[in-house]
Amino acid sequence: MGGMLDYQNTTYDIEAGHPHTAILPIAVVERHGSHLPVGADWMIVDAIASRVAETMGEGCYLLPTMPYGTSAGHVGEAGTLSLAPLTLMHVVRDLVDGLIAQGIRRVAVINSHGGAGESTVRPQGNFIVKTAVRQLNYDYPDLKAIWVQPFTVAKKRLLELLPSASDDLHAGAVETSLLLHLQADRVKGRGEDFVPALGKEYLDYLPFSEISPSGVWGHPSLATAALGEVVLGAAVEATVAYIRESFAHLDVMRGSQL
Amino acid sequence: MLDAYCTSDEIAAARPDIAVIGIGAVEQHSDHLPVGTDWIGVSGLSRLVAERLGAFLVPALPFSMSQCHGAAAGTVWLKPETLAEVLNDLVISLYNAGIRKVVVINGHGGNFVLEATIQELNLSNPDLQVIMPSSSSPGVPQGPIFETAHLEVHAGESETSTQLYFNAEHVKDERVDYVPPVGREFLDYAVIRQISPHGVWGVPSKATAEKGEKATLRDAEAIAAQARAIFATLDAHKARAEGVE
Numbered sequence: 000m001g002g003m004l005d006y007q008n009t010t011y012d013i014e015a016g017h018p019h020t021a022i023l024p025i026a027v028v029e030r031h032g033s034h035l036p037v038g039a040d041w042m043i044v045d046a047i048a049s050r051v052a053e054t055m056g057e058g059c060y061l062l063p064t065m066p067y068g069t070s071a072g073h074v075g076e077a078g079t080l081s082l083a084p085l086t087l088m089h090v091v092r093d094l095v096d097g098l099i100a101q102g103i104r105r106v107a108v109i110n111s112h113g114g115a116g117e118s119t120v121r122p123q124g125n126f127i128v129k130t131a132v133r134q135l136n137y138d139y140p141d142l143k144a145i146w147v148q149p150f151t152v153a154k155k156r157l158l159e160l161l162p163s164a165s166d167d168l169h170a171g172a173v174e175t176s177l178l179l180h181l182q183a184d185r186v187k188g189r190g191e192d193f194v195p196a197l198g199k200e201y202l203d204y205l206p207f208s209e210i211s212p213s214g215v216w217g218h219p220s221l222a223t224a225a226l227g228e229v230v231l232g233a234a235v236e237a238t239v240a241y242i243r244e245s246f247a248h249l250d251v252m253r254g255s256q257l
Numbered sequence: 000m001l002d003a004y005c006t007s008d009e010i011a012a013a014r015p016d017i018a019v020i021g022i023g024a025v026e027q028h029s030d031h032l033p034v035g036t037d038w039i040g041v042s043g044l045s046r047l048v049a050e051r052l053g054a055f056l057v058p059a060l061p062f063s064m065s066q067c068h069g070a071a072a073g074t075v076w077l078k079p080e081t082l083a084e085v086l087n088d089l090v091i092s093l094y095n096a097g098i099r100k101v102v103v104i105n106g107h108g109g110n111f112v113l114e115a116t117i118q119e120l121n122l123s124n125p126d127l128q129v130i131m132p133s134s135s136s137p138g139v140p141q142g143p144i145f146e147t148a149h150l151e152v153h154a155g156e157s158e159t160s161t162q163l164y165f166n167a168e169h170v171k172d173e174r175v176d177y178v179p180p181v182g183r184e185f186l187d188y189a190v191i192r193q194i195s196p197h198g199v200w201g202v203p204s205k206a207t208a209e210k211g212e213k214a215t216l217r218d219a220e221a222i223a224a225q226a227r228a229i230f231a232t233l234d235a236h237k238a239r240a241e242g243v244e
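Residue numbers (numbering that gives the first Met the number 0), protein chains in the order written: chain L, 0 to 257; chain G, 0 to 244.
FYI, nobody ran anything at the bench for these hints, they're computed from the structure. One or more of the hints may lead you astray.
[As the list claims (entries may be wrong)] Distance ranges between label pairs, derived from CB positions:
hint, chain 1, residue 1, chain 2, residue 2, range
1, G, Asp187, L, Ala15, 23 to 33 Å
2, L, Ser220, G, Glu173, 51 to 61 Å
3, G, Pro196, L, Asp203, 46 to 56 Å
4, G, Asp187, L, Leu85, 24 to 34 Å
5, L, Asp184, G, Glu241, 37 to 47 Å
[To be verified] Far from chain L, by Cβ distances over 12 Å, these chain G residues were calculated:
hint, residue
6, Ile39
7, Glu50
8, Pro58
9, Asn121
10, Ser123
11, Ser133
12, Ile144
13, Glu146
14, Thr207
15, Leu216
16, Ala228
17, Asp234
18, His236
Cβ coordinates follow ideal geometry from the N, Cα and C atoms, glycine included.
Generate coordinates for the entire structure from the input sequences, incorporating the hints supplied.
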């Protein structure tokens, strides 16, 4: 046997594989400038998560990517699908309840893609997932749940590849490059480079379109398919390393049940 | 095709009146079908319906009320209140972007909270039309495709046939046929492995890809036809009600 397990396996395959770690990817469906599909994050997170699970291999159970998350800043824009924060928190809690019931004690939530201007302390987008994960760890002492954002943990490499990556928040060079690599036929031109004069905290105060009318925060003109391929590899590598290291630290801190 | 692979501007320019939301599930499906069966099936069916209606296809929700499969490996679920919240939020998102007609396609039999949520959405938002048409419809030929449809609850002839149509490479040959000696209300009282040792309820040995294709295309036609008819009736009703005022 060997290899990771996912929704294409039968229950008996999964039982025989004794997975100890589940990967739960969560995306968003929202406007991405004039040039990227509304499902850009869904496609990117799904691509990263499946490669992460393949790399982690045996003992890993990959759930289907939850397509939508919290997109309050994009409500009212065509194609945006936004969950209320508590809805997303309940989704995470319920899915982890099911994983616990079948004996899985490690859950890594790949929480959208994050960004090179962020830290591993505070998520970019789907903020409530942090709260949901923290609460799961309190509620279930023998569960180890973590959240990770791939571009955030890969920021060192991203900034080497693209010095402006820390200003690349939405539909910019990173996302556009990933889409050019994954699904070039769905990229409609390049959008317009735009970095707002306002700080990122204004995303808590104003709809996205009032901060950036074109729906871009970054430099999509710098995007290339080749950059997308390298970024995807870097994001997968950094995410796998972060997940492994985090569970190793938690095994020391909280004891290993494996 | 309007879906999440389109840009927001493309969707806005097409001004779709209708959206289609499929509700999937990830749960045990006996020895022969993948745990993602319901999600795969409803994703395919929803796409066919959305094409027929010129509708915006929402990515199908992968998870729903599968707690009836208990701790079977690979199974995950949403509680009823969570599923209600997700459907509510999706419909309101569409509404906020100008789509007032929503077709819900349920890919998992145990989702009893959907109908209550749909009723609540419609009655509290008079300009919203959320419907969940059945797959049988007058005007679409109804001859029998499946010999054992009346015995099937889970992973049986029809579900296996549909999966052979959409996802044949992941359907296994070892199939257990089993029909429990109780009514399907027993799923309110026990989890399925207590009712059926292999988690099947039906006769999957009779499944074929041909039956799956025929049934899927017929269901897509029937759901689309029903949706058109229901929306036309509701629009006519609304026009009459406004005329009276």
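Outcome of the hint check:
no.: 1; hint: G/Asp187 <-> L/Ala15: 23 to 33 Å; verdict: 30 Å, holds
no.: 2; hint: L/Ser220 <-> G/Glu173: 51 to 61 Å; verdict: 55 Å, holds
no.: 3; hint: G/Pro196 <-> L/Asp203: 46 to 56 Å; verdict: 53 Å, holds
no.: 4; hint: G/Asp187 <-> L/Leu85: 24 to 34 Å; verdict: 27 Å, holds
no.: 5; hint: L/Asp184 <-> G/Glu241: 37 to 47 Å; verdict: 44 Å, holds
no.: 6; hint: Ile39; verdict: 8 Å, violated
no.: 7; hint: Glu50; verdict: 17 Å, holds
no.: 8; hint: Pro58; verdict: 4 Å, violated
no.: 9; hint: Asn121; verdict: 19 Å, holds
no.: 10; hint: Ser123; verdict: 16 Å, holds
no.: 11; hint: Ser133; verdict: 25 Å, holds
no.: 12; hint: Ile144; verdict: 25 Å, holds
no.: 13; hint: Glu146; verdict: 24 Å, holds
no.: 14; hint: Thr207; verdict: 20 Å, holds
no.: 15; hint: Leu216; verdict: 24 Å, holds
no.: 16; hint: Ala228; verdict: 27 Å, holds
no.: 17; hint: Asp234; verdict: 22 Å, holds
no.: 18; hint: His236; verdict: 27 Å, holds
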